[in-house]
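Note that the protein sequences, when read in sequence, are chains A and B.
Quick note on the working numbering: the first sequence kicks off at 1 and runs consecutively.
Quick note on the working numbering: the second sequence kicks off at 231 and runs consecutively.
All the pointers check out, no bait thrown in.
In silico DSSO-like cross-links for lysine-lysine, where the CA-CA straight-line distance does not exceed 30 Å:
| no. | chain 1 | residue 1 | chain 2 | residue 2 |
| --- | --- | --- | --- | --- |
| 1 | A | Lys99 | B | Lys416 |
| 2 | A | Lys67 | B | Lys402 |
| 3 | B | Lys402 | A | Lys99 |
| 4 | A | Lys212 | A | Lys31 |
| 5 | B | Lys402 | A | Lys158 |
| 6 | A | Lys31 | B | Lys402 |
| 7 | A | Lys31 | A | Lys67 |
| 8 | A | Lys158 | A | Lys212 |
| 9 | A | Lys99 | A | Lys158 |
| 10 | A | Lys99 | B | Lys497 |
| 11 | A | Lys67 | B | Lys416 |
Because the hints were derived from the structure by calculation, they are not lab data.
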Amino acid sequence: MTTDTAVIVRNLRRSYGERVVIDGLDLTIRKGEFVALLGESGCGKTTLLRALAGLDPVNGGQIDGPKQPAVVFQEHRLLPWASLWENVTLGVDTAQGRKQAEAALGEVGLAGREEDWPRNLSGGQAQRVALARALVREPQLMLLDEPFAALDALTRIKMHVLIRELVARHRPGVLLVTHDVDEAIAIADRILVMRNGGIAASYLTADIAPPKLRETLLQELGVESDSRAA
Amino acid sequence: MTIELLNREALKPAVQEHIPRPAATEAQLQLLSWAAPVAILLAWEVASRAGLIAPQVLPAPSSVAGTAWRLTVSGDLFKHLGASLLRAAIGFAIGGAIGFALGVLVGFSRVAEASLDRSIQMIRAIPFLALLPLVIVWFGVDESGKIFLVSLAVLFPIYINTVLGIRQVDPKLLELGRVTGLSRMKTIRKIILPGAMPSILTGVRYALATAWLALVVAETVATTSGIGFLAMDAREFLQTDVIVLAILIYAVIGISADGLARFLERKLLAWHPNYAKEGRK
Chain A
1 MTTDTAVIVR NLRRSYGERV VIDGLDLTIR KGEFVALLGE SGCGKTTLLR
51 ALAGLDPVNG GQIDGPKQPA VVFQEHRLLP WASLWENVTL GVDTAQGRKQ
101 AEAALGEVGL AGREEDWPRN LSGGQAQRVA LARALVREPQ LMLLDEPFAA
151 LDALTRIKMH VLIRELVARH RPGVLLVTHD VDEAIAIADR ILVMRNGGIA
201 ASYLTADIAP PKLRETLLQE LGVESDSRAA
Chain B
231 MTIELLNREA LKPAVQEHIP RPAATEAQLQ LLSWAAPVAI LLAWEVASRA
281 GLIAPQVLPA PSSVAGTAWR LTVSGDLFKH LGASLLRAAI GFAIGGAIGF
331 ALGVLVGFSR VAEASLDRSI QMIRAIPFLA LLPLVIVWFG VDESGKIFLV
381 SLAVLFPIYI NTVLGIRQVD PKLLELGRVT GLSRMKTIRK IILPGAMPSI
431 LTGVRYALAT AWLALVVAET VATTSGIGFL AMDAREFLQT DVIVLAILIY
481 AVIGISADGL ARFLERKLLA WHPNYAKEGR K
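Work out the full structure: start from the sequences and follow the hints.
Take a look at the structure:
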C-alpha cells in the first residue's frame, strides 16, 4: 500500500449462512478520491461499508486500510446528552479537543454553537455536526452510509457542495454508499455499481457527460432508461 | 417606506386574531389551585371551634400549628426530625448503592443476569413490610432493623430501573462508540450511563417514596426517637394534635423528597426535551 492509497480491499467475502453477500470483491480508493457506490437494495453496499468500518466481521479476503476510519451514518447519531463540541471530539483524546471542535464546527458552518444541545438542531445541521465529528479525526478513509438520504432536497444540495469542499481540503479517501444516482453524479469522482457480490461497473464522472452517465447508471441498476421521459 | 409601514400596521390585528387568548394567566391559575385546600382548612377550623369535631378525634388546624410551634421552640421537633432523616438517608445510601451496583452488573452481563436476576425478582415479590416481624427478630428494635427495612425498600426500584435504563440505551449509539474507538470504560461513562440516567432517576423517585413508607412503618416499632416515635408516644396520651403534626411532617418530607428528585432530573437531564423546562408535561 502506497502513501497515496486510503484503502485496498482484496478478494473480500462475506456470507450470512448460505447466502453470499460479498463474493471476491476488489476495491482501491486513493486519498482525496470521492467514490460513490450504487446498487440495488440488498446488494451488499452497506455490508461492505460496515466491513470497512470494522463493525462486521468478514469471511475471507483482506482489507488494507486504517483501523479506525471515520463513519457518517444515515442518522446523525449525536449523543443527546453531550454538547456539540463534546459530540465532535467523542473518542478524540487531545488537550486541544475544544479548539479542534470549534474549528471543525466552523468548517461546517456552525461556529459559535459549541455549547448547544443536539436537540436544538435541524436535521441538516445535525448531519453537519456528524460531518465535523468525522473530519476532526483527520481520517485517511471516510465512510458515508447514505448520510443525506433523510434530508430535504434543498438541504441535500447544500450538503453536496459542503462535502465536496471538505473532502477537497482534508483529502480523505471517501466511500459514499447511496442509491441516489443524481447524488452520486453530483459529488463523486468515481461511481461503482455493485452487483452479485462484486463491483460490476466503474465510471469516472469526469469522462462522461452527466445525462449520458445518468442513463447508463440507471440501465446498470435495472431501471428503464425512458422512465425519465415519462 | 411609509406605505410599507402602513401596510404592516394594517396587517397586525388580522394576525393577532389567530392567536388564541388564554382564559386565565398562569398566576391566576396558580391562585385558583390553592383555593380548595385553603377552603377545606378554613372549614375544618370553623367546625372545630364550633365544637362540631371533638378535639380527641381531630384537633383544629390552629391547635396543630400551636403544637408545632411548641415542639419547635423546645427543640424536640428537630431532634426527632433529625433522627428520622438520618435513618432515611443511611438506608437510602445503602439500599441505593446495592441496588445500583446490582443493576449495573445485571445490565451489562448476561451471565450476571442469569445468576442473579431470578433471586432478586423472587425477593422483590415479597412485600417488604411483611418482613417486619422477621426484621425485629433479626435486628431487635434498634436502629439497624429500621435502616435494613429502608434499604430493602430502596434497593428494588433502583435495581430495576438501572437494569432497564442500561438495556434501553440505543444500540446505534453504542455502534457509534465503536467507530469512534471509545474504550469500554469511556463507552460506559459517555454513552451508557447518560443514556440510562432518565430511567435511573425514575428509580430514585420511586425509591424515595418507598423509603419513606418503610420508615413510617419501621418507626412505629419500639423507638425512642423519630417522627414515628412522636406519633406513637402521643397516641398513648391521646394527643391528637401531635399525631396530626407527625402525619403532616411525613407529608411535607414526602413532598420535599419528590422536589429533590425533580431537581435532580432538571439538573442531570438538562439535555432532555422532556425535562428541559420548568413545565413537566
